[in-house]
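From first to last, the protein sequence lines stand for chains B and D. Counting from 1, position 384 in the first sequence corresponds to residue 1784 in our numbering; the numbering is continuous, with no gaps. Counting from 1, position 61 in the second sequence corresponds to residue 303 in our numbering; the numbering is continuous, with no gaps.
Keep in mind the hints are simulated off the structure, nothing from the lab. Think of the CB as a built atom: it goes at the ideal place given N, C-alpha and C, for glycine as much as any other residue.
Where chain B lies over chain D, by a calculated footprint (3+ residues, C-beta under 8 Å):
(1) 268-281
(2) 305-311
(3) 314-322
(4) 327-333
(5) 337-344
Reference listing, derived: stretches of chain B covered by chain D, where coverage requires no fewer than 3 residues with Cβ under 8 Å from a Cβ of chain D:
(6) 1525-1531
(7) 1534-1544
(8) 1564-1573
(9) 1626-1632
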Amino acid sequence: MNDLLAILPELAVTLTAAVVLVVDLAVKGPGRLRALSLVALAGLLVAGIAARPGVIVTPYTAFNGFVVVDEFTQFFRVLFIVLAFIAVLAAEEYSARRQLPYAELIATLLFSTLGAMTIALSGDLITLFVGLELMTIPVYVLAGMQRRNPFSNEAALKYFLLGAFSTAILLYGFAWLYGLTGSTELRGIAAGLASTGLTGPVLVALALVTVGLSFKAAVVPFHQWTPDAYDGAPTPVTAFMSVAPKAAAFAAILRLVGVALQPLQIDWTVAFAVLAALTMTLGNVVALAQPSVKRMLAYSSIAHTGYIAAGVAAAQAGPQAWAGVLFYAFAYGLMNIGAFAALMVLDTEGTRGAALDDLRGLARRAPWPALAFTVLLISLTGLPPTVGFWAKVFVFLPALDAGLGWLAVIMALNAALAAYYYLRVVVYMYMLDPEGAVPDLAPARLVGAAVGLTAIASIVLGIWTDPLYSWAVSAAAPILR
Amino acid sequence: MLSVPLGWFIAVSSALFFIGAAGVLVRRNAVVILMCVELMLNAANLALVAFSRRLSDATPRGSVFVIFTFVIAAAEVAVGLAIVLAAYRNQPTVEVDEIHELKG
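Bound-form chain D, shown alone (with noise of 0.2 Å):
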């Protein structure tokens, strides 16, 4: 079997988390957002099955992290979209900057 070392996996791991956050932190559409923060997850996510695999030898938790991340960040999504169309009923917009009836 081909094995990929560590570092690759940790690479494409460490870009996910940077682009998903840049991604945060420029977008101003909430559902986008929304998107950049999965990709965030999911990095994590990479990385934790990574390290899990190279660190076999014990019980492998960091896959059993895993799971509970994917439920986890479905739930999150399920609120989040539910909250978003929330906010779109009131208010046809999903523009983060366009939603600012508290001042702060």
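Chain B with its partners taken away, still in its complex shape (with noise of 0.2 Å):
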């Protein structure tokens, strides 16, 4: 019975897709998306409050070590019950436009982060791949959503055929791991160990672990996938996938390098600093040159995937390293999601994302979500007073501690050279008047709301910081003992 309630909010999220799809069934008539979208947001918000947010848990353990219950895990259950919470907001006007079979979407955007909650909670490698792959394996089918579309039957199939591949090299990682240490548990493995220190065999199936997940993450050179994955599918599937499995893939890193490998004393450093300095420029160089703001998104995602790698390179800095790891993955998901939905906000039939050119004179257009626009794009960029702009200092600092100074230099540049094509979006829309005809916005009230709630979000976390902040030291703290 103690261990249901260990997984409580997990247990509301299942519940929440199963009713998702039998309302769908009961439900007929013009008012149906209305009641899904009700049920999803109702059940997220019960999730939400099981997960009791804001009450310091003393960690345990439940089914028989398989499942951990500490202030990390309620940090990143927190997290992604949010970041649904949002696309499901986003998604009811797109899907209603698109036709897309919106209850077996939102169930199915539910079930993936039920996958990314059971990695926050895993104490054991099985709960770890099992929760991997009950994220990924839903964001296949969300990608392909749209079945006649090829743009998002490619994004599936690449995506699909790239995330198979880093799941079968992860999954050989993890098996060399037991054997050579005689248990699957995090703790277990980290005693084995502790005992056999760092030998060949360990070390190869450290690098099959870190090239495995660093797919899911994105980083450089394991990025090919995601730019196509991102541009081609539906946009509130883009929104989610964009930030949630990325979260999810850093909080198994965390855990992983954390618990099961701190006793092998790596240095990390370098290895992680190098990838990270990597995956920022070549995200932000080639975002550059994209016009399509939807496809320079996805590129600049792969640029914030560097900037949370360096706070995993600063580890030697001490427990602010990992906490603005932290700040930074709930920052950036905030931020990002947000980004994404206000893309939607411009999107009519016919048209796929979003060009540079489409955004002209959007402020006169939708003067409101033209504004939220640009506070998430300023809070992308990091200037303060937005929650972008703490993520980035905080993740700067412990770089500096760690004695990464050249990291830290190549972080300010990569920040300007994102302020260019960040604020170019503005300036488009501020500032460019609309050539020739241009269609009419369709209603977008949710959609609005989900940027509206973001963009208020980015604000009042980047003046009121030190709640959230405090929260990521807290979490942090028990993968680091």
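Join the two chains, each given in its own frame, into one complex according to the hints.
Written out as structure tokens, the structure reads:
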């Protein structure tokens, strides 16, 4: 019974997904989509309350060590629930317009959220692997949801083939970790590695696991699937898949590095720092040249992965480095899902994503969404007084403390690069006039609400930063012992 | 009972893994790539079962892991084939090089 209480938020999400599918059968008529949204949003709200944010939990395990509930778990649970909430809010109008199977979309999205939450609570390689797959397989389906759209097909196919490949590599690494340490439990692996030390086979296993997780997090050079998958997928799906799986991949990396691999005392600094520098630079440089805003945001999400990886690299600086990673993951999730939702405001039948030119004069056609989008872009750039600024600060300072001055310089240069292409969008929205006839904007109240909420959250968390940051610090504590 | 040494299992499993990985990197047919991924997953399964038998003093978590992997691999194949089929209906090819509407 106590075991079930430990996974109460996960149970709530599972039940919600099931209820959504039943409601889809039971309710007919024009109010169907709204009813489905309300069920999903209410279920996520219940799950959020069950996760009890704000109540510090003493760490405990359940299901024979398969499940670990600590502050780290709570932090990511709440993050994933919030992201799913915004994704559902943003999906309804788009799905109605494109005639996507809405109930299936919502249910699949909830199952993916469940997988991400499972990763956060895993105390065992088995739970971790099941969670990872429960998160990714629904996203393959979501990416291909527009069955008759060749772009959506291609996005799903590319994401699936590389995702399955990386899964296989990761699983082989897990098999070796188990064989070498005699345990699948993360603490057991730590104990096993403490006695074997860093041998050749251990190194091979670590390399396989690192490659597998780097694919999932889209770290350069394992990022090639990202732009096509993000570009071709339906935009509400892109919004979700650009944030939740990435944050979950970093949750998995932190759990593994912090708990299971801790006794090895490997110096990850240089490896992660080089990967981080490559990732952010490549993402930003290629983003500069993109005429499609959707594709630009896809590349810029790679750049943000680089910043998060920089926080992982700075682990030597102490607990605040990983608190920075958690804070960045949270802030990035809010900003990026909001930015993709903003693209849906100007989505009309027949267009695919948004070209930069479609944004001309948006400030006059839709003042409020344009303002919210501007706030989000400023936050993504990393300018005060937004949460994006503090996120950059909280990974920048640990990088300096860890003696990675060169990485800090690259981070600063990259922020300048990013400012160019993010703020160019603002220029198009506010200072350029549309060319020729512009199509009428489709009604977008719910999407507008999603964009507004994330924009307000970016500013509120930017001014009132301390609660989230101290929560990130206490969430990083259990994985640093 | 004739006992096969652990090393042999591991040798077969590594061979399977590398054949699969090479296939994914070399072949351009989506269905064949899917088959190669299955080969890699089965390599991991074989390694897990072999390790689990060797370490049988503790709880056989490796064998438990394999049962989960079966289910996941089956789900993955179902989704993968559905995606290939959906793509084939719009554009009758399964060669990944010919599916390039998105630049990149």
